[in-house]
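Undergrad: Chain R: place on chain V using the hints.
2 protein chains.
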Amino acid sequence: MGRTSDAREKIITAAQTLIELRGYSALGVAEICKAAGVPKGSFYYFFESKEALALAVIDEHWAAQKRDWTRILGDDAPPLERMRRLFEATEAAQHAGQQTCGTVSGCMFGNLTLEMSNQTESIRARLQEIFDAQVDMVEAVVLEARERGEVTVTDAHAAAASVVAQLEGQVLFAKLYNDTGRLSPLWTNCLAILGAQAPLEAVASA
Amino acid sequence: MGRTSDAREKIITAAQTLIELRGYSALGVAEICKAAGVPKGSFYYFFESKEALALAVIDEHWAAQKRDWTRILGDDAPPLERMRRLFEATEAAQHAGQQTCGTVSGCMFGNLTLEMSNQTESIRARLQEIFDAQVDMVEAVVLEARERGEVTVTDAHAAAASVVAQLEGQVLFAKLYNDTGRLSPLWTNCLAILGAQAPLEAVASA
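Here the protein sequences come in this chain order: V and R.
0 is the number of the first residue of the first sequence in numbering that gives the first Met the number 0; add one for each residue after it.
0 is the number of the first residue of the second sequence in numbering that gives the first Met the number 0; add one for each residue after it.
The following block holds chain V by itself, in its conformation from the complex (with noise of 0.2 Å):
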């Protein structure tokens, strides 16, 4: 038993990797236990479908970071202040990605959005709810932070998802310019966004 978790581990890891380094229409499963180590026969033991892998690849990368970010958003340092927190973790997440594979990997959920969510309906429907999650655990925040007279805006959920797309669309140019710096300008843009109420520097060192 404790063998045959460690096989549905090892797959789940090498896929991951391989998905962050070339996408998933590229992979085979042969070439995914290879990097793996584990017999190609046992994939379907674990596995219906190269599908039902990615979706166990986009469950566990989820669970991972929502701990971060439950961490981060959570923390009871002052909204706007975990707001920034999470910029900063992201950037150094890409960072650390960047070192170990010498290119920046971007975010899973945003590459495979592009790459596959207009494809398989069961992976759009995957991501579409972390993509909610994602933009409920920042409305929680935008609404602390209107209940101070910190931001201004009216639609908190709009606001919201649209600090979320000016994530996704930084990590974007990231990858591109494989240049986590790129990340830089999500904390004034995240502020302009809310309509933040303090003039920034203040808010940025509160």
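Hint data in this document are derived by calculation from the structure and do not stem from the laboratory.
Please note that a few of the clues may not be correct.
[Claimed, not checked] Chain R is faced by these chain V residues, among others (derived, beta-carbon under 10 Å): (1) A155; (2) S161; (3) V170.
[As the list claims (entries may be wrong)] Examples of chain V residues toward chain R, derived with CB under 8 Å: (4) A88; (5) S104; (6) A124; (7) L126.
All C-beta atoms, glycine included, are put in the ideal place defined by N, C-alpha and C.
TA: Relative to chain V, chain R alone:
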């Protein structure tokens, strides 16, 4: 000569449609030639490789989009009004694509950035040139708006990059949710990112 030019054009047109529907990695030369109605043997007469075809598709798509952007952003309407029209045109184009394909296919350059830019340096370089050009075109409009005292942003180039990033991020969501209504916050967010001086409604109806 007429016939050979036709074949090249047919291959590019078929590849563009297939790339929009299914991405680049999933495609094979045989499938592209079949969709183009061109014998497979003739492919390598026109293109050295599938990568060379991808570059030709990108160039052709950018030539058309650049014409649209130049017409809209180079118009003699007030600068912010031109920005607004760019977002409207983007939403209309995505909506038209959705009517044809049944699903929002997003921005080909954004799609290929997330699918390919960390794998193929020639494609990365070409996409960088295109996004650089887009940012330059937006920056020119931002500088005009600032000259007129309509926006307050200090780093016009960074702000223009953020506007394009916001566009890519919202197009990503339009594709994921198959809903071009996701593009409607672009105008308000653009005004916020640029630090528009007038109340939004006044600028919007200017």
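Undergrad: Confirm or reject each hint.
TA: Here's how the hints hold up against the structure:
Nearest Cβ of chain R to the Cβ of A155(V): about 13 Å, over the 10 Å cut. The hint is violated. Because the smallest distance between the Cβ of S161(V) and any Cβ of chain R comes to about 5 Å, under 10 Å, the interface hint for this residue holds. Residue-level restraint check for V170(V) holds (minimum Cβ-Cβ distance to chain R is 9 Å; threshold 10 Å). Checking A88(V) against chain R: minimum C-beta separation of about 18 Å lies over 8 Å; hint violated.
Among the interface hints, the one on S104(V) holds; its C-beta lies about 6 Å from the nearest C-beta in chain R, closer than the 8 Å criterion. Hint status for A124(V) relative to chain R: violated, with the closest Cβ pair at about 10 Å, above 8 Å. Interface hint at L126(V): satisfied, since its Cβ lies 6 Å from the closest Cβ of chain R, which is below the 8 Å cut-off.
Checked against the numbered hints given earlier, the structure breaks hints 1, 4, 6 and satisfies all the rest.
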